[in-house]
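Enquirer: Below, each chain spelled out in residue letters.
There are 2 protein chains.
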Amino acid sequence: MAIDWIAVDWGTSNLRAWGMGPGGPVVQGGSDRGMGSLKPHEFEAALLQVVGPWLTGPVPVLACGMVGARQGWREANYRAVPCTPTDPAALVRVPTADARLDVRIAPGLSQDKPADVMRGEETQVAGALSLHPGFDGVMCLPGTHSKWVRVSAGEVVSFQTFMTGELFALLSSQSVLRHSMAEGWDDDAFDAGVAEALARPERIAARLFSLRAEGLLHALPGSAARARLSGMLIGLELAGAKPYWLGQAVKLIGAQALSALYARALAAQAVMTETLDATACTLAGLGRLHLNLKGAK
Amino acid sequence: MAIDWIAVDWGTSNLRAWGMGPGGPVVQGGSDRGMGSLKPHEFEAALLQVVGPWLTGPVPVLACGMVGARQGWREANYRAVPCTPTDPAALVRVPTADARLDVRIAPGLSQDKPADVMRGEETQVAGALSLHPGFDGVMCLPGTHSKWVRVSAGEVVSFQTFMTGELFALLSSQSVLRHSMAEGWDDDAFDAGVAEALARPERIAARLFSLRAEGLLHALPGSAARARLSGMLIGLELAGAKPYWLGQAVKLIGAQALSALYARALAAQAVMTETLDATACTLAGLGRLHLNLKGAK
Chain A
844 MAIDWIAVDW
854 GTSNLRAWGM
864 GPGGPVVQGG
874 SDRGMGSLKP
884 HEFEAALLQV
894 VGPWLTGPVP
904 VLACGMVGAR
914 QGWREANYRA
924 VPCTPTDPAA
934 LVRVPTADAR
944 LDVRIAPGLS
954 QDKPADVMRG
964 EETQVAGALS
974 LHPGFDGVMC
984 LPGTHSKWVR
994 VSAGEVVSFQ
1004 TFMTGELFAL
1014 LSSQSVLRHS
1024 MAEGWDDDAF
1034 DAGVAEALAR
1044 PERIAARLFS
1054 LRAEGLLHAL
1064 PGSAARARLS
1074 GMLIGLELAG
1084 AKPYWLGQAV
1094 KLIGAQALSA
1104 LYARALAAQA
1114 VMTETLDATA
1124 CTLAGLGRLH
1134 LNLKGAK
Chain B
844 MAIDWIAVDW
854 GTSNLRAWGM
864 GPGGPVVQGG
874 SDRGMGSLKP
884 HEFEAALLQV
894 VGPWLTGPVP
904 VLACGMVGAR
914 QGWREANYRA
924 VPCTPTDPAA
934 LVRVPTADAR
944 LDVRIAPGLS
954 QDKPADVMRG
964 EETQVAGALS
974 LHPGFDGVMC
984 LPGTHSKWVR
994 VSAGEVVSFQ
1004 TFMTGELFAL
1014 LSSQSVLRHS
1024 MAEGWDDDAF
1034 DAGVAEALAR
1044 PERIAARLFS
1054 LRAEGLLHAL
1064 PGSAARARLS
1074 GMLIGLELAG
1084 AKPYWLGQAV
1094 KLIGAQALSA
1104 LYARALAAQA
1114 VMTETLDATA
1124 CTLAGLGRLH
1134 LNLKGAK
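For the protein sequence lines, the chains are A and B, in the order given. Quick note on numbering: the numbering used here labels position 128 of the first sequence as 971, and the sequence is numbered without any gaps. Quick note on numbering: the numbering used here labels position 60 of the second sequence as 903, and the sequence is numbered without any gaps.
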């Protein structure tokens, strides 16, 4: 097993790592030791727990995500847009006790006005650009905090974050609506939710409660309620992100099932989408940074 | 201590009771044994724990709220609007082991389309009407699930529920925004939140995340972030409830501090408000039911 370098995607809840050979990943691992559960001095051990068995000598480690937050391993200051999504010169080196590790963290991006931040998605955008050189247009990265990103001439021009995924998690499992939810799915209910939120986004706080009332009064099935909730929140995001997607083709970068929902919702608005695998984009983005580092040596 | 009857406001989280004399409440008590924590056979004991010491002989008990839900003490089926807010003939009698208790539960209201329900607020609306006989217009009952109610000729014509209070609780204490919140208040931040949500309600999921980003990038104080969050969510409610308040005077029925926020937000839209005390309305509503019961004997 020959490893040239190690790619790390280190978010709030999880750590994922790949041992990279010349042709791509040759080994992968992960743990639930995300940034949110670690103190600064605990990161190195958490990393070694996953990648330690892969190490035969010194190896570059390139990491992105919340690991670079103020509460992370070491803060990697945001780079302000407009700028390229990543910059090898801005990588932040982290000293380690284990001499085999040569760790660098990619900083996130910030936008002054409207105030916004990302950590991790910038590397996916960079990866998408390296997979589609010369791309100019709009990317959408659905998730807990969905990002809409305008890319032009190799730079991130502007972006906007929507709390869609977190709202869905809170409402479906912590609010009064949890009594009305069940597993399963209903495409028609999802489509109806998208349509009503896009048509009347200002009514969202009332339409949310209607899911509970429809369950009580009209026996709305839990699977349909869950799908409609998802549709309403994605529809609300699309209503707010309209300046991004209107008249554009959109590249979706995200988990497959979630990207498929966004593709479906956008198709109903006559918007063409292409879905890129999120992990492939992360690895391509970190890979480009690694190439640049090698080139600089 | 002469008690003619007992008024009970029994919600999901709390039980409040008042021993009522000819001139109003003479004793009051309560507990945290709300509907949400009780099985049907536990309600009588929970009630006696509070009102037991007041009992010298048989006494009518009139209760409203979630105690009449399907998961409550005994289900009191919704009455469908348009209808009077309460109806003595629709009270649901609950058999008790203790012969001194003569318990009746007031049913809530339902609306077929858009599907909506209320339990407890109908009694406040009835109370407001008995305090302001002949009132015709719009009432707003801010809270966990805010209600907007159109009243005409003594009947509830239509109503709409907004999940505003629950969204505030979830977002301020369970979401990523909790890191950006602190106690305290900032009127200007509240006003700005109201204005931006009213102007662009479709952007709400993005504007919510901006509170986090403003904290990280521009050191937005936690008290201002909390006030702006409150303003955004109340502004979103006002955006959706516009057909209710536009060109109307609004009667607010709710807790004093929360009602004051709604009054402030509505005043910025040139809407006049009058605030009624929520407890006074509950007692007046239950009191009218008690009078009707007495009259029927």
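Hints listed in this document are in silico derivations from the structure and should not be mistaken for laboratory results. Here a beta-carbon is modelled for each residue, glycine too, at the ideal position from N, C-alpha and C. Possibly wrong hints are sitting among the right ones.
Have a look at the derived ranges for each label pair, beta carbon to beta carbon [stated by the list, open to error]: (1) D979(A) x S880(B): 56 to 62 Å; (2) G873(A) x G879(B): 36 to 42 Å; (3) D979(B) x Q1112(A): 58 to 64 Å; (4) V1000(B) x A1111(A): 31 to 37 Å; (5) V869(B) x R913(A): 44 to 50 Å.
Enquirer: Determine for every hint whether it applies to the structure shown.
Expert: The hints, checked one at a time:
| no. | hint | result |
| --- | --- | --- |
| 1 | D979(A) x S880(B): 56 to 62 Å | holds (58 Å) |
| 2 | G873(A) x G879(B): 36 to 42 Å | holds (38 Å) |
| 3 | D979(B) x Q1112(A): 58 to 64 Å | violated (42 Å) |
| 4 | V1000(B) x A1111(A): 31 to 37 Å | holds (34 Å) |
| 5 | V869(B) x R913(A): 44 to 50 Å | violated (57 Å) |
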